[in-house]
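Enquirer: Generate the whole structure from the sequences, applying the supplied hints.
Taken in sequence, the protein lines are chains A and B. Throughout the first sequence, residue numbering follows the numbering used here, covering 9 to 116 in sequence. Throughout the second sequence, residue numbering follows the numbering used here, covering 92 to 203 in sequence.
Derived by calculation from the structure, the hints in this document are not laboratory data. All C-beta atoms, glycine included, are put in the ideal place defined by N, C-alpha and C. Just so you know, not all the hints are guaranteed correct.
Which residues of chain B face chain A? A partial, calculated answer using Cβ under 7 Å [claimed, not checked]: (1) Gly131; (2) Tyr139; (3) Phe181; (4) Asp190; (5) Thr191; (6) Phe194; (7) Gly197.
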Amino acid sequence: RKEVEQDPGPFNVPEGATVAFNCTYSNSASQSFFWYRQDCRKEPKLLMSVYSSGNEDGRFTAQLNRASQYISLLIRDSKLSDSATYLCVGSNNNDMRFGAGTRLTVKP
Amino acid sequence: TAGITQAPTSQILAAGRSMTLRCTQDMRHNAMYWYRQDLGLGLRLIHYSNTAGTTGKGEVPDGYSVSRANTDDFPLTLASAVPSQTSVYFCASRSSGTDTQYFGPGTRLTVL
Chain A
9 RKEVEQDPGP
19 FNVPEGATVA
29 FNCTYSNSAS
39 QSFFWYRQDC
49 RKEPKLLMSV
59 YSSGNEDGRF
69 TAQLNRASQY
79 ISLLIRDSKL
89 SDSATYLCVG
99 SNNNDMRFGA
109 GTRLTVKP
Chain B
92 TAGITQAPTS
102 QILAAGRSMT
112 LRCTQDMRHN
122 AMYWYRQDLG
132 LGLRLIHYSN
142 TAGTTGKGEV
152 PDGYSVSRAN
162 TDDFPLTLAS
172 AVPSQTSVYF
182 CASRSSGTDT
192 QYFGPGTRLT
202 VL
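Expert: Listed below in structure tokens is the structure:
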């Protein structure tokens, strides 16, 4: 069982839709959490860090629930350019554990 | 700004041969990492280095070795490649005091 689990999808949504991704982690020692975005055949790029208080960056909102060891990403008003794979990450110092990713396709 | 570069972009390698994947960063980041990415498994850490002169093992280190002679370079060596090492390899770096890792463009390796 992977340390970070995500629903692989795919999620197929129309433009303008709101979509939510969930992620669970098993290592309670994980200290930092992130969402990365990865386009097909490209390198992962940081989308946003995730804090216990929750954080928002434009159309993107991330939440962390340490008690349930659960992380979420909400994308509002989806754009075609949001189509990508979203990677959930838990980190304990140098040990970053990635989920296998959730594939999102936004359609016109 | 170059950021992180990796070479080669792709490679087909015969089983049993050795190969070194190169990674260079120009951001003066102290920490560097090597990951492999496989379908359905996501990215898995192979080796890391917190600073020049030190290295550590990640989640899947067997069959790989690294060195960190200076801040900028972090080569990954496969001494005797096997087909299960067919994967996409990403190098990453991180500045001290932050958690954000920056990734190189990747090397696609096929071992036949």
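Enquirer: A separate judgement is required for each hint: does it hold in the structure or not?
Expert: These are the hints, each one checked on the structure:
The beta carbon of B/Gly131 comes within 6 Å of a beta carbon in chain A, closer than 7 Å, and the hint placing it at the interface holds. Interface hint at B/Tyr139: satisfied, since its Cβ lies 5 Å from the closest Cβ of chain A, which is below the 7 Å cut-off. Of the supplied interface hints, the one on B/Phe181 holds, with its beta-carbon coming within about 6 Å of a beta-carbon of chain A, less than 7 Å. The beta carbon of B/Asp190 comes within 5 Å of a beta carbon in chain A, closer than 7 Å, and the hint placing it at the interface holds.
Taking 7 Å as the C-beta contact cut-off toward chain A, the hint placing B/Thr191 at the interface holds, the least distance being around 5 Å. A hinted interface residue such as B/Phe194 counts as satisfied when its beta carbon comes closer than 7 Å to some beta carbon of chain A; here the least separation is about 4 Å, so the hint holds. For B/Gly197, the suggested interface contact is upheld, since its CB lies about 6 Å from the closest CB of chain A, less than 7 Å.
Comparing the model with each numbered hint stated earlier shows that all of them hold.
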